[in-house]
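All chains, please: the whole structure from these sequences, using the hints.
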Amino acid sequence: MSVARRAFIQMSVGATVGILFTPTVWTLLDDVSIWTQNWPWIPTLKYGEVKGVPTVSKMCESGCAVKVRTVAGEAFGTEGNMDNPLSGGGICPLCANGVQVKNSPNRIAAPMLNGEEITWEKAEEVLVDKLAAAGSNVAVISGDQTGTVNELLSAVLTGKQSDKFYTMPCDMQVSDRAWTGLMGGSGQIGYDMENADVVLLAGADAFESWGPTVANMKAFANNEGGKFIFAGPMQTKTASVTSKWVPVPAEGMAAFTLGICYYVLQAGKSVPASDFDQFKAMVMAGYTPAKVEAATGVKADQMAEVAKQLLSASNPVVVPAGSVAANAAGIALNLLLGGGMKVLPEFAAAVDGAMTRSEMLKGDILQGVDAEMVIIYEANPTYALPEQVKAGFTVAIDSVNTETTAAADLVLPSLHSYERYDDLASPYGVASAIYTMGAPVSKPASGAKDARDLFLAPAGLDSESFAEVIEAKVEAIGADMDELVEGAAYVLEETPDMSGVTLAASALGKAAVPVKGTGAVGLAPYTVLSVGTANQATTPNAPATISNNQLVGDNMVVMMASVTAKKLGVSVGSKVKLSGGNGECEALVQVFEGVLPGVVAAPLGMGHTVGDEFSKGKGDNVYKILTVSSEAAAGASTWAGSTVNVAKI
Amino acid sequence: MQMKEFKVKWGMVIDVDKCTGCGACMVGCQVENNIAPMTKKDPYNYVQALTWDRDDASNKLKTLTWLYVYELSNGKSFPEHETAYLPRPCMQCGNPACVPVCPVVATEKNEEGGIVSQVTPRCIGCRYCMAACPYHARYFNWWDPIWPEGMDKGLSPSTAVRPRGVVEKCSFCHSRYLDAKDQARQDGNDPMDLPDGAYNTACADICPTKAITFGDLNNPEHKVHELAKGKNAYRLIEKLGLDPQVYYTSEREWVRKLGDNYNADGGAHGAPSNSHG
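Chains S and G, in that order, are what the protein sequence lines are. For what it's worth, the working numbering labels the leading residue of the first sequence as 1, then goes sequentially. For what it's worth, the working numbering labels the leading residue of the second sequence as 1001, then goes sequentially.
Among these hints, one or two may not hold up.
Cut-off 25 Å, straight-line C-alpha distance, at most; resulting in silico cross-link-like pairs (PhoX-like, lysine-lysine) [stated by the list, open to error]:
1. S:Lys443 x G:Lys1060
2. S:Lys244 x G:Lys1257
3. S:Lys342 x S:Lys227
4. G:Lys1076 x S:Lys299
5. G:Lys1153 x S:Lys46
6. S:Lys269 x S:Lys308
7. G:Lys1060 x S:Lys616
8. G:Lys1076 x S:Lys566
Just so you know, the hints here were simulated from the structure itself, not pulled from any lab data.
Below, the structure is given as structure tokens:
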């Protein structure tokens, strides 16, 4: 059949008119436009009573005293705890995201053996078998600095006649090595910044990453008339609010501090230590301002000015950080000045056979750990110390997937801070011995159990749950459980015996000499809490707060002064390769005039290869390029003095 | 233009000399106001292979930061260099530039308290208000909010979740204002005369250095009343005459000068005007 032209036109016109009048087409178009614009998923909010439940959060290094906000019993947010001296209402950016991390799909749901899910019964069986097989060759690496869980884990070691307890490298450890190791002290050093009239932060990035950050910030806020001075290789966030920044290279911090001691000794200050004369002779001969200036590049008149301010203050305090030598020099300077440095007693132990905190800090993880079995508690050594840990069998306990849990043989999921009993005993740096406890706020995620319970029997305890250990701790220290659960802190007013303390004159003389690596430029690694720490990667909402001085796209950013950039032949946005230690990092260059010339500042905590999308593949891992060097005179290892070579790519 | 006066005028005084730029306020703000973490993948996008990834938080042009902390520099070379951090919420201007340009009255300055509203169900996403706001305080939802699996159960009851295609901004945690007024009514007090601290924003609450002080600028019993009149108090780009309800204070002169960049060349743009409008 042929279709004539006229018939074709008639049919076309007819079809067009027909389509115009049928509603089908328009309805379909309308539907398509509506349905493609609709939300695939409509979030609904939960309504009900809103409460703030006090507990502790362990996401940052020192831990935060928080209140978890709940609506109809479901946790949704975190705020500070006004009644707790560790918080005073504030919290850090990591703990502020605690609930989101608790609900994260990155949580580990079930125990795993070599990557396969297993039951809790099977996990316990494997753990007991492996512990028995390992004999005394067992080690513990703990990422928790303040919890009673360390007593439990160290008691397991004691029962096995092992002393291989390690913490991740931390300021508390360095301070302890200086104080109990070199100077013969006991207890823990603390710094009262709130009541000091002059505070010298000698390398301590106190308002961002050093010590009890939030308590430090609270002290800063409450200290109306006090003058804060920051010394360090870069203008950290701390330096943005101090009244002065004294640029001092990291490896020169001990010498700089002794340079200030010179002026303080010259002013006639003394201290009844057995080696005072030796200390004085050592400083007056070896650390004259001219010599310190030659060794560190810090001008003598700058040291004189800082010393003058400290001497004219009625309650000065020096807060040291970095190497063991820098800590010893800082403590010695505090003893000379007689200001706001405090010595805190340790709380009574709850677990028989537990190590003291100082004993726990003795192991030097930077020297390497080699054991038949290594138990890693909420730490991420595979990320931060990739070369140091060797084990026949690794047990990793963590609530979220990390490099360490991915590499471990047996993974035990732990509860999130908000789901468990946990405690904070004197985070390093606080001015008085302070104990805070938290009870669970939320129900455990499905499948989650308290992994700490598995270690009760191996530690020789007949308790049924870790909560009982916490109860025993509260009783041992003489605090009131009900008050602690309500969020109050228990403070122990006591001063340990200070007799027999020395100024570590013989060790310091040698240990304070700046030792630098062989790379072209100095490396100033720095921590920004919202980027993450050695154990805690950045959190879901934190990336929006990370500035383009740390991260641009997926590239890490390193900062340097314009003179350094010129010397290296790089400019803003140049892609560079940093090589140091046994590794390499890639980064983009940013010019920031708040970095000491000859130094490149790089943010720690990026470059994760395991974890959620907020941290994985973001930036590069600066821990790879840190150089471990031996502080021979202080008998310790340090990352201070790391240098790198920078090549444009 | 005539300015609307209010009996109660909520405002902030931010002490730049206390802000360390830690970012806790920004995280607290996102949690309080249900701002979703930025995720690249969309589990509801069934043709992912054919489409671009969503933006992640590294792209600051696409993030929703109702409160954003800027890093300031005095622009000098080492060793004279100094930095400061400046948190920037919505200024809740007395004479807002965003309100008159909105074609659908989705943003208004009408309620007692002087908070500039943002009615997202009414917003058509034209973004005129974003172009008008000199403080870059307004943000456009380029993407639907998506919480990774399981995280949506912990949503805040304070703020409704917004879809893509609308503009949003800081509301001074408006639901906390409603809660505080409800509480006052329950206690038999005057909701129009809240005591200092009865209503506080999430950022001010969480700040570890207490750099942010919040309160009624008109109420002499509130701390902000005096702080806003301090000798070092200033407002951002004050010369525009928008009369912001957010004040800053800094003892550092260079910080105060940066706050009025409009006048950076010494006022060569024309005679400074203090009139509103």
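Exercise for review: Provide an ascending list of the numbers of those earlier hints which the structure does not satisfy.
Suggested key: Per hint list: single violation, 1.
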